[in-house]
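Number of protein chains: 2
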Amino acid sequence: MTGNRPFALTRRALSLSALGLAAAPLLARAQAQPADPLPSWRDGPRKQALRDFVGAVTREGGPDFVPPESRIATFDNDGTLWVEQPVYTQVLFIMDRMKALAAQHPDWTHDPVFRAAVAGDLRGVAAGGVHGIMRLAGAAQAGNTPEEFGSVAADWLATARDSRWQRPYTQLVYQPMLEVLAFLKASGFTCFIVTGGGVEFVRAFSQATYGIPPWRVVGSTFALKPGERDGRVVLTREPSVDFVDDGPGKPVGIARQIGQRPIAAFGNSDGDFQMLQYATEGSGKRLGMIVHHDDAEREYAYDRESQIGHLARAMDEAPRRGWQLISMKQDWARIFP
Amino acid sequence: MTGNRPFALTRRALSLSALGLAAAPLLARAQAQPADPLPSWRDGPRKQALRDFVGAVTREGGPDFVPPESRIATFDNDGTLWVEQPVYTQVLFIMDRMKALAAQHPDWTHDPVFRAAVAGDLRGVAAGGVHGIMRLAGAAQAGNTPEEFGSVAADWLATARDSRWQRPYTQLVYQPMLEVLAFLKASGFTCFIVTGGGVEFVRAFSQATYGIPPWRVVGSTFALKPGERDGRVVLTREPSVDFVDDGPGKPVGIARQIGQRPIAAFGNSDGDFQMLQYATEGSGKRLGMIVHHDDAEREYAYDRESQIGHLARAMDEAPRRGWQLISMKQDWARIFP
Numbered sequence: 001m002t003g004n005r006p007f008a009l010t011r012r013a014l015s016l017s018a019l020g021l022a023a024a025p026l027l028a029r030a031q032a033q034p035a036d037p038l039p040s041w042r043d044g045p046r047k048q049a050l051r052d053f054v055g056a057v058t059r060e061g062g063p064d065f066v067p068p069e070s071r072i073a074t075f076d077n078d079g080t081l082w083v084e085q086p087v088y089t090q091v092l093f094i095m096d097r098m099k100a101l102a103a104q105h106p107d108w109t110h111d112p113v114f115r116a117a118v119a120g121d122l123r124g125v126a127a128g129g130v131h132g133i134m135r136l137a138g139a140a141q142a143g144n145t146p147e148e149f150g151s152v153a154a155d156w157l158a159t160a161r162d163s164r165w166q167r168p169y170t171q172l173v174y175q176p177m178l179e180v181l182a183f184l185k186a187s188g189f190t191c192f193i194v195t196g197g198g199v200e201f202v203r204a205f206s207q208a209t210y211g212i213p214p215w216r217v218v219g220s221t222f223a224l225k226p227g228e229r230d231g232r233v234v235l236t237r238e239p240s241v242d243f244v245d246d247g248p249g250k251p252v253g254i255a256r257q258i259g260q261r262p263i264a265a266f267g268n269s270d271g272d273f274q275m276l277q278y279a280t281e282g283s284g285k286r287l288g289m290i291v292h293h294d295d296a297e298r299e300y301a302y303d304r305e306s307q308i309g310h311l312a313r314a315m316d317e318a319p320r321r322g323w324q325l326i327s328m329k330q331d332w333a334r335i336f337p
Numbered sequence: 001m002t003g004n005r006p007f008a009l010t011r012r013a014l015s016l017s018a019l020g021l022a023a024a025p026l027l028a029r030a031q032a033q034p035a036d037p038l039p040s041w042r043d044g045p046r047k048q049a050l051r052d053f054v055g056a057v058t059r060e061g062g063p064d065f066v067p068p069e070s071r072i073a074t075f076d077n078d079g080t081l082w083v084e085q086p087v088y089t090q091v092l093f094i095m096d097r098m099k100a101l102a103a104q105h106p107d108w109t110h111d112p113v114f115r116a117a118v119a120g121d122l123r124g125v126a127a128g129g130v131h132g133i134m135r136l137a138g139a140a141q142a143g144n145t146p147e148e149f150g151s152v153a154a155d156w157l158a159t160a161r162d163s164r165w166q167r168p169y170t171q172l173v174y175q176p177m178l179e180v181l182a183f184l185k186a187s188g189f190t191c192f193i194v195t196g197g198g199v200e201f202v203r204a205f206s207q208a209t210y211g212i213p214p215w216r217v218v219g220s221t222f223a224l225k226p227g228e229r230d231g232r233v234v235l236t237r238e239p240s241v242d243f244v245d246d247g248p249g250k251p252v253g254i255a256r257q258i259g260q261r262p263i264a265a266f267g268n269s270d271g272d273f274q275m276l277q278y279a280t281e282g283s284g285k286r287l288g289m290i291v292h293h294d295d296a297e298r299e300y301a302y303d304r305e306s307q308i309g310h311l312a313r314a315m316d317e318a319p320r321r322g323w324q325l326i327s328m329k330q331d332w333a334r335i336f337p
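For the record, the sequence lines run as chains A and B.
Following my numbering, the numbering of the first sequence begins with 1 at its first residue and continues without gaps.
Following my numbering, the numbering of the second sequence begins with 1 at its first residue and continues without gaps.
Warning: the hint list may mix true and false statements.
Any copy, or any two copies together, can satisfy a pair, since identical chains are not distinguished.
To be verified - List time: in silico SDA-like cross-link candidates among lysine to any residue, alpha-carbon distance up to 20 Å:
id: 1; residue 1: K285; residue 2: E147
id: 2; residue 1: K47; residue 2: L325
id: 3; residue 1: K185; residue 2: P68
id: 4; residue 1: K285; residue 2: H310
id: 5; residue 1: K225; residue 2: G247
id: 6; residue 1: K225; residue 2: E281
id: 7; residue 1: K185; residue 2: G120
id: 8; residue 1: K99; residue 2: G62
id: 9; residue 1: K99; residue 2: E69
id: 10; residue 1: K47; residue 2: G188
id: 11; residue 1: K185; residue 2: G249
id: 12; residue 1: K285; residue 2: R232
id: 13; residue 1: K225; residue 2: D242
id: 14; residue 1: K329; residue 2: A301
id: 15; residue 1: K185; residue 2: A154
id: 16; residue 1: K99; residue 2: W156
id: 17; residue 1: K225; residue 2: G282
id: 18; residue 1: K47; residue 2: S327
id: 19; residue 1: K47; residue 2: A186
Just so you know, these hints were derived from the structure itself, not from any lab.
Construct the complete structure from the given sequences, taking the supplied hints into account.
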């Protein structure tokens, strides 16, 4: 699909030239004209909705025009920008950390979720739900500074491989969503990640993987304790999660860190419900999109029965709320870069 | 000073032309060459320190080069970017709000700080210190959404006038600091405000006044309670300050929201001490600058004796920490735009 539009424009320019009209400016415009900004999206209502929305809010003088400083879009990460099955990538990171630290923490054997993590038992970890995962997160990742943690996470991401594809996790990002990020950026949007995951974990790869700098990642946080060591400022990550950026927490995280209501939001689970609501309940033209994982062959198929990426209410209410359900199977010509 | 450099380059270009060398490219470069980026700064060690620092970290291949994504600079607001005397501008806003709301809150008369606020007694309010101000902030500004509060603050800022200069507060910003913001931006920096003030109050004017979008303002926050009203997401600002972005809180606010240690920091009081420390204790070339209010004639003169903008420890330790003390009187050719 990529090459079609420039070719068509070139033909049009040539035919105008045959009519005696100046072809040069039209040719120049045809060459400058970007190719299809969403080449991995199959033609259909979802691709159209994306293009229509961006067209409407960027059309100066149009009824739906939004100035660039208000073009805020928010993206969930797990299951929306990268793979979240069979369990959140950060949980795999935490399990690797817990294995390494287990000998120093004999008390961990008394806790079923902790025991599952150390044993590498994904089902046991998933059974603990988001709350269990948050407890694991605190236990496995505390006691260091944000900078120290950032390099531990980056080191792990550089070497760890997914068991199904044998690829680094940062390559298991959705090519169609990378194209949405690039399309929105090119259209004057500022894009943010709003993740239930730990903010510092996602910041460890957001710039290199998505082109999103750390301050445009909103996420769950550990209590940070300020102090001094050898007369220097030291921030210590305490073993307690003090903000859960999930469900009703997402609009709170957005309001606190971004300070502005998004005009577009992208999610894939009921944990994104309130973010989608918050974005699309604002006045003017809005866009809410949900990635529906219905492609077991190329990725995974799951929704209402899944613990990870549970999707029921958001899917059920999508039609009346005007949210677009993206079918991974139908709408995406390719999944990974 | 502004016009000197382009003129000099033009003369050089003309003399080269007289020597038979092609003048056109040099002329084009001279026209593109920016004028002095800091015209309101008098020549001297502070202006030089600013230019040297920016030159060093932007020189590709040089020993102090910092890639653009790590060029983070943080600025305190009250007393660093705009006037904070005789009392923080947000306190004047709060006092006006409290006057308006007092009739509905007879209990306020029992609290000396609240009574002072309603009576318009600045000294009484200042005597309550930062803690008293935070309590006032909660009482006067709670119960609404961030969006509602933002427009209340913007409306007030549009009409309120400072009693000494009879100007809107957003015009009582320091022209030399606006030039630093612009100079850093043009040099590939991303600048943030890190304020002890309420984040939503500063966001109400940061874009228009400083060109800083809301997500690049870090500040003190109220607890935000998520809920629903008529089936729509509603965030309610609770009457309690849940994060004080001052003193040791500033590095915490920076780590949480920016996610990166700044390489330059600008402050004016001991409330900025830990931010200056955090920025300048990082490895590589760093810049810490303190605005010293020593100009009673053109603005105010205060430091260790002042409740507002108290400056003692940061000034005393500045020499050994390599922080530059900016003399408003000596270093700034003009104060306001």
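Exercise for the section: Give me the numbers of the hints this structure contradicts, sorted from smallest to largest. Expected result: 4, 7, 8, 9, 11 and 15
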